[in-house]
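Visitor: Residue numbers (our numbering), protein chains in the order written: chain U, 617 to 778; chain A, 4 to 511.
Rather than coming from a laboratory, the hints here were simulated on the basis of the structure.
Backbone N, C-alpha and C define an ideal beta-carbon position, used for all residues, glycine too.
Treat the hints with caution; some may be incorrect.
Claimed, not checked - To spell it out: a stretch of chain A is covered by chain U in this simulated footprint if at least three of its residues, at any positions, have a beta carbon under 8 Å from a beta carbon of chain U; those stretches are: (1) 170-182; (2) 399-412; (3) 429-439.
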Amino acid sequence: MSVSAIEAETPQSGGEATLLHRLVGPAVAVVTGLGIVLLAQAVDEPNVATSFSPRWWPVSLGVLTILLSLGVGIKEAVRPSTNETVESTARGGALKLMLVLAAVIAYGFLWYYVDFRVSTFLFVAALVLILGGRGWRAWLLFPALCMIVLYALFGLLLKVPL
Amino acid sequence: MNAVAEGLGQLADPFVMLCILIGALAGMLVGAFPGVTATMSVALASSFTLTMDPIPGLAVLLTIYVAANFGDRVPAILVNTPGTPASIATTFDGYPLAKQGKAGIALTSSAFASAAGTVVGLLVLVFAAIPLATLALQFGPAEMFALVAFGLTMMIGVSGGNIGKGLIAGTVGLAFAAIGRDPITGTDRFTFGVLELSDGIPFIAAIIGLFGIADVFDQVLTHNKAQHKPISQFGRWWPNKAESKEIVKPITVGTGVGMVVGAIPAAGGDIAGIMSWATAKRASKHPEKFGRGSLEGLTASDSASNATLGPSVTTTLALGIPGDSVMAVLIGSLVVWGIQPGPSFFATRPDLVYTIAGIMFLATILTLGLSLLRMKGVTKLLELPPAYLWTVIIVFCMVGTFAVNNSVVDVLIMLVFGFVGLFMRRNGFPAGPLVLGLILGKLAESNLRRSLEIGGIDNILGSPMAMTILLVSVSAITLPPIIRTIRKSRQAARTARRQLEAADSENP
Numbered sequence: 617m618s619v620s621a622i623e624a625e626t627p628q629s630g631g632e633a634t635l636l637h638r639l640v641g642p643a644v645a646v647v648t649g650l651g652i653v654l655l656a657q658a659v660d661e662p663n664v665a666t667s668f669s670p671r672w673w674p675v676s677l678g679v680l681t682i683l684l685s686l687g688v689g690i691k692e693a694v695r696p697s698t699n700e701t702v703e704s705t706a707r708g709g710a711l712k713l714m715l716v717l718a719a720v721i722a723y724g725f726l727w728y729y730v731d732f733r734v735s736t737f738l739f740v741a742a743l744v745l746i747l748g749g750r751g752w753r754a755w756l757l758f759p760a761l762c763m764i765v766l767y768a769l770f771g772l773l774l775k776v777p778l
Numbered sequence: 004m005n006a007v008a009e010g011l012g013q014l015a016d017p018f019v020m021l022c023i024l025i026g027a028l029a030g031m032l033v034g035a036f037p038g039v040t041a042t043m044s045v046a047l048a049s050s051f052t053l054t055m056d057p058i059p060g061l062a063v064l065l066t067i068y069v070a071a072n073f074g075d076r077v078p079a080i081l082v083n084t085p086g087t088p089a090s091i092a093t094t095f096d097g098y099p100l101a102k103q104g105k106a107g108i109a110l111t112s113s114a115f116a117s118a119a120g121t122v123v124g125l126l127v128l129v130f131a132a133i134p135l136a137t138l139a140l141q142f143g144p145a146e147m148f149a150l151v152a153f154g155l156t157m158m159i160g161v162s163g164g165n166i167g168k169g170l171i172a173g174t175v176g177l178a179f180a181a182i183g184r185d186p187i188t189g190t191d192r193f194t195f196g197v198l199e200l201s202d203g204i205p206f207i208a209a210i211i212g213l214f215g216i217a218d219v220f221d222q223v224l225t226h227n228k229a230q231h232k233p234i235s236q237f238g239r240w241w242p243n244k245a246e247s248k249e250i251v252k253p254i255t256v257g258t259g260v261g262m263v264v265g266a267i268p269a270a271g272g273d274i275a276g277i278m279s280w281a282t283a284k285r286a287s288k289h290p291e292k293f294g295r296g297s298l299e300g301l302t303a304s305d306s307a308s309n310a311t312l313g314p315s316v317t318t319t320l321a322l323g324i325p326g327d328s329v330m331a332v333l334i335g336s337l338v339v340w341g342i343q344p345g346p347s348f349f350a351t352r353p354d355l356v357y358t359i360a361g362i363m364f365l366a367t368i369l370t371l372g373l374s375l376l377r378m379k380g381v382t383k384l385l386e387l388p389p390a391y392l393w394t395v396i397i398v399f400c401m402v403g404t405f406a407v408n409n410s411v412v413d414v415l416i417m418l419v420f421g422f423v424g425l426f427m428r429r430n431g432f433p434a435g436p437l438v439l440g441l442i443l444g445k446l447a448e449s450n451l452r453r454s455l456e457i458g459g460i461d462n463i464l465g466s467p468m469a470m471t472i473l474l475v476s477v478s479a480i481t482l483p484p485i486i487r488t489i490r491k492s493r494q495a496a497r498t499a500r501r502q503l504e505a506a507d508s509e510n511p
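The task is simple: from the sequences and hints, build the whole structure.
Guide: Structural data, given as structure tokens:
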């Protein structure tokens, strides 16, 4: 039995992607390639003449990215891959992720103004709350333990300036 | 003999032994938690170990590498969830065995198979590393560029899935590697005036983002409350005489497959495990048991995935091409310690081959011992709500990344790559080629430009070694879809023939 046959038999959750979803990836990749080519034009040329300037490599990669992405996009539109399944988003998953990101940004700011131990305790408590932890152990004990371990390991043992 | 004595002598330091013990405990723990990969844990550990001397630091990282490949079998067998990708094939027979009340035998047999695979794989490191490095010293810029292309295309070709998306990921990774100073002229590229980007994207931050943060974000996005409860009835722990005899052949098959796959840059334990399972099934007297609780299937896959470790380290150190994603992180740490992997590595430090082999051997023995301890406590750990695990990973990733260079820019880069990694996962782009492109980009560019400057394209076309390697690289990408198409059409023809025969027999 081949590897792909074995993998095909392995049950996978989720469903087949829609056309729009299948084209998002290649579209973003095309934009990325264009971005690389455009940004490469701002790279300074050296005073010493060389056959291959510092722009040559990124421009080549940008063009290659665009061509590959167009190829993948056309293939996805005409003959979509059957071995790709997308694991569906859980209810509230996107909201949780946004809240996690907000907590991370808030932690970044708080760390500048408040002692590491306080900001980390609050950050861990917030994360556990967002991710579904409930009860005093989740909101008090666990954040305290995490903060102590982090401070001991990084602040005291490794002497990182926190 | 001097190099052997010197290399092994470095292990006599009690601090190194302590580092191996810490690495073993940490590695077993992270391997046992689904969602915490060996790559993530080695990347995080590298932020601690950078302040240590190279030998103790290597002891921690390599032991985590070995131990994580032992620990990952536990959730694969008890919860049907691989602890790391290398234990995917363990679930095929491990979980069915556990459901039959044979979790104890499964865990014990798997531990011995993993240990056997690791030890045999280390022989490749001990005997092949220095000859391989000596051969690679003959390589010029054209050959080195071809080798880098080989590493990239192998990762894209053997990982399955969409090859086009793999190529895109690899190309974008190469482009990311262009950030920083031009390797030939020293001109700044894509730094936008940010000083921290002059030396390129901080590699550890990118890896932690791509493999750690992206993993957790994806789990937050897709996690449903319903999940397997771990098996808690273990039954008998030790295999009897017949069972012990039964597993010798699949372990032999597994170690052979693992050693070959591990030597291929970028092909890791997951590929080896699956290939070995399939090979052992073909060679077995009882193929019908595979997938339903076969000790042969379990031990073949586990010995194979662990047998890749030694060859993977060999390729990484001798050629400077990472054998898998963990090795990619290790290269980053080695460079910070002032040790440059590649052909000259073993020429200047031959003793390190034996030090590394010794560390991995001791790590294997220690981890085997830990694996054989009763596992009942682990089921409690596996019942831990994911909220705690995700929180620990996120906060450790942030603080750990900051600790590498005391830089907030690194943390920002980690988060950016976290979202890049999440986007890639949700859209079917493999992260491995991007990481490999990031690591190998400067090497690829500098060698390609040098070889073209020296003698133009003829410099590459005229090198038999470079052309051979490049032809193999092209085959790695073009052959899998061709083989798949041929198999599909043969399968369709067979199905049509059967239907015709069935119709003929109904209407004679």
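Visitor: Hint by hint, note whether the structure agrees.
Guide: Evaluation of the provided hints:
no. : hint    : in the structure
1   : 170-182 : holds (count 7)
2   : 399-412 : holds (count 8)
3   : 429-439 : holds (count 4)
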